[in-house]
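Chain residues, written in single-letter form:
4 protein chains.
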Amino acid sequence: MPRSSRIKTPLILVNFKTYLEGTGENAVRLTKKAERVSSETGISIAVAPQLTDIRMIADQVEIPVYAQHVDAVDAGAFTGHVLAEAVKEAGAVGTLINHSERRLKLSEIDEVVRKTRSIGLLSVVCTNTAAVSAASAALDPDMVAIEPPELIGTGIAVSKARPEIVTDTVSLIKKIAPQVVVLCGAGITLGEDVKAALRLGTEGVLLASGVVKAKDQRKALMDIATAAVQK
Amino acid sequence: MPRSSRIKTPLILVNFKTYLEGTGENAVRLTKKAERVSSETGISIAVAPQLTDIRMIADQVEIPVYAQHVDAVDAGAFTGHVLAEAVKEAGAVGTLINHSERRLKLSEIDEVVRKTRSIGLLSVVCTNTAAVSAASAALDPDMVAIEPPELIGTGIAVSKARPEIVTDTVSLIKKIAPQVVVLCGAGITLGEDVKAALRLGTEGVLLASGVVKAKDQRKALMDIATAAVQK
Amino acid sequence: MPRSSRIKTPLILVNFKTYLEGTGENAVRLTKKAERVSSETGISIAVAPQLTDIRMIADQVEIPVYAQHVDAVDAGAFTGHVLAEAVKEAGAVGTLINHSERRLKLSEIDEVVRKTRSIGLLSVVCTNTAAVSAASAALDPDMVAIEPPELIGTGIAVSKARPEIVTDTVSLIKKIAPQVVVLCGAGITLGEDVKAALRLGTEGVLLASGVVKAKDQRKALMDIATAAVQK
Amino acid sequence: MPRSSRIKTPLILVNFKTYLEGTGENAVRLTKKAERVSSETGISIAVAPQLTDIRMIADQVEIPVYAQHVDAVDAGAFTGHVLAEAVKEAGAVGTLINHSERRLKLSEIDEVVRKTRSIGLLSVVCTNTAAVSAASAALDPDMVAIEPPELIGTGIAVSKARPEIVTDTVSLIKKIAPQVVVLCGAGITLGEDVKAALRLGTEGVLLASGVVKAKDQRKALMDIATAAVQK
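Protein chains in written order, with my numbering: chain F, 1 to 231; chain V, 1 to 231; chain E, 1 to 231; chain D, 1 to 231.
Honestly, the hints are just simulated from the structure, not real lab data. Don't take each hint at face value.
It does not matter which identical chain is meant; a pair holds if it fits inside one copy or across any two.
[Claimed, not checked] Straight line, CA to CA, 25 Å or less: simulated DSS-like cross-link-like pairs of lysine-lysine:
#1 K32 <-> K105
#2 K213 <-> K175
#3 K8 <-> K33
#4 K160 <-> K175
#5 K213 <-> K115
#6 K105 <-> K175
#7 K105 <-> K174
#8 K32 <-> K115
#9 K8 <-> K195
Using the sequences plus the hints, can you model the full thing?
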């Protein structure tokens, strides 16, 4: 059974970043809203809270929890680092890797992808160009999320403003490593952004402020999930 | 009341690093041993577990919990970073900064020291030379921990092998910022290493493998705490 | 004879950054203009060109040439690094360290300051706050240049917009390491900015775009040098 | 005409690192030995000296000169950075990228490869595993040099100790980007190491201490070049 069969698509992956609206008890509340919307719509919604909140959240919900980052280190003398094993033990099922706000060296991405695979964590490598997406796919992660950094946080959706970077990514990845699930992100806020993303050949979206900073988080989640249903 | 009155000395600060013996449920068990030894001896023992374990540990013990690292960022769009506020919300009372396995830029140390002070977290800046200790003291943290990296993990105690680096640190810091509490670390394993450290003018020790990787963690903690009592 | 007697003050130190107007043959032409203005006014003007241009420039002028950065490494297996010895051999008399566009870890600044001292290169540690200036002075470099990054390249002179950060720096450094020469930078463009800087207790200025990107580089240099004379 | 037609193979690329035997006047002497051996054997030998030496060397020899590193920055306010344009202006025809002693973020490698291509510099991306080689090839550089870091500087040649990592690299790259020239490095010291490398499908070698630190640099170069002739 292929690894990617563990990933239910379309996938809505919500990155809490270090927003206070997604920290501590706020993170728990937001995750519970996501869980209800997921249950009501049947669409897979996953969350990526801060490291300090992973265990508390994973203990209280059924939906998948991802780390925002793990370091390319093994157990040992690595003060202040984030061990993939620790993230898994705390309840995460996967991790973002190389987010534009936490870029890694190429050799580190390779190490982390192999490490997560060996311990059974799902890997989502974030990328900024079609060429970087192709390069990342060559490392055989579970997912690649293309996110042009200049659109992150703008509310201008990559799937509408830069469709060609998404379709180039999809087509390059399908050539190099067709088993890799492609997500897209940056500026995704509305249901129609999600529909556009899925029409371009992706199997889900990575988003953050569009949900976390929304006045009505539940409504934002419902709008997005409903759009994914209607694809 | 001076900030440092919040710090009960002599202080034994145990860094769990990313050792598996100090991860997850193992981290809870080790912390409970530390709590019992602290209670039996009256000596202050604090622990610095991994980020994912801070909340679970702080929920179950009374002794102080420190983070191993926080990033020089504020709440916002900083995926994969460690917010000082998040660490505090999870139950930490302080944080290590600039450990030799997680060195920071000078401007970041300044930012993190100011940030922790402003939100009420204790700061422990780790240093590698007497000059770096003096420089760190000029940033006015709560504590400075001098740890020559070449001795870390060796079992050869800095307080016995390099006493002059400790006394130079103490004397430079007392000139620049006498309110700063000085700890020392690297190779500290035995009660006699702790006694030597306190005789050199420090007010505590930072240690890791000597306790975390000990065959009998409780015995190692008791040996160290007893030595601190008998000073 | 104190080290700082090798530094003729007031000092005008012009950082060429990676501006094309300060690269290759343009760098030679700009340095020759600086040399003429220095000779005509009697004011010490030094330049900090890119690494690839140091030797060509040092071969053709008498005024002091600084590197913009050197790495904290010794001779050996360090591909792509900048050796202090190599910079000196190419003709530099000193180096900037920790510029806001090339921040270093605290332990690296300590290493580079000691390394430059041991091989006879002058060290200029760049800083962003009064506390960081004090910390840097504790490492005993030859000079500290305080430059609030938010003013760099703005044309709004630190010496007029943020005089308190300059006077705080001067007073903290005089307490910790009175032999250290204090420069200030960020936004310095006009002669009056230089006069203000010297009145605040500094012994020179670090500047870049105000000269390198000036329509008339000679005129900009002459304006600044004349102001330093008239102090 | 394909880009790679500018690269005469087999190519012997000698990295001077920050070895004193390859710094300043020593670098010029070593380069002249390489030029003579290249001329006598007809084998292409290129050198990668330190940044401060590029211009002096390029001015005196005909063989190709590479930089050891350039930064992912454009002309502008980037103190202490290495501009691809500056390296080219100084006489380099190409640059190493991502050497194991100077690892870059994946997004930086992408930027630098595109930048060098746009200004006509040859790019050699160094890699540590077959997967990283495949990823790098997806960025379409001119060359990829596979170098397992654990063998660098050992004198144990990758082409003999780890032939499978070389053949895996060659076969993955030929699938993803067949126009990319594959080199290998790490531990290459003897003529037979070079022969083994070429037999495995590479078109040249990257080496350093085997030549730079050799008692008789000319003899080492001649041994290597002769082996390449006899392939």
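Status of each hint after checking the structure:
no.: 1; hint: K32 <-> K105; verdict: neither (35 Å within a copy, 36 Å between copies)
no.: 2; hint: K213 <-> K175; verdict: neither (37 Å within a copy, 44 Å between copies)
no.: 3; hint: K8 <-> K33; verdict: within (19 Å within a copy, 43 Å between copies)
no.: 4; hint: K160 <-> K175; verdict: within (24 Å within a copy, 32 Å between copies)
no.: 5; hint: K213 <-> K115; verdict: between (33 Å within a copy, 23 Å between copies)
no.: 6; hint: K105 <-> K175; verdict: both (24 Å within a copy, 24 Å between copies)
no.: 7; hint: K105 <-> K174; verdict: both (24 Å within a copy, 24 Å between copies)
no.: 8; hint: K32 <-> K115; verdict: neither (30 Å within a copy, 31 Å between copies)
no.: 9; hint: K8 <-> K195; verdict: within (17 Å within a copy, 50 Å between copies)
The structure shown violates the earlier hints numbered 1, 2 and 8.
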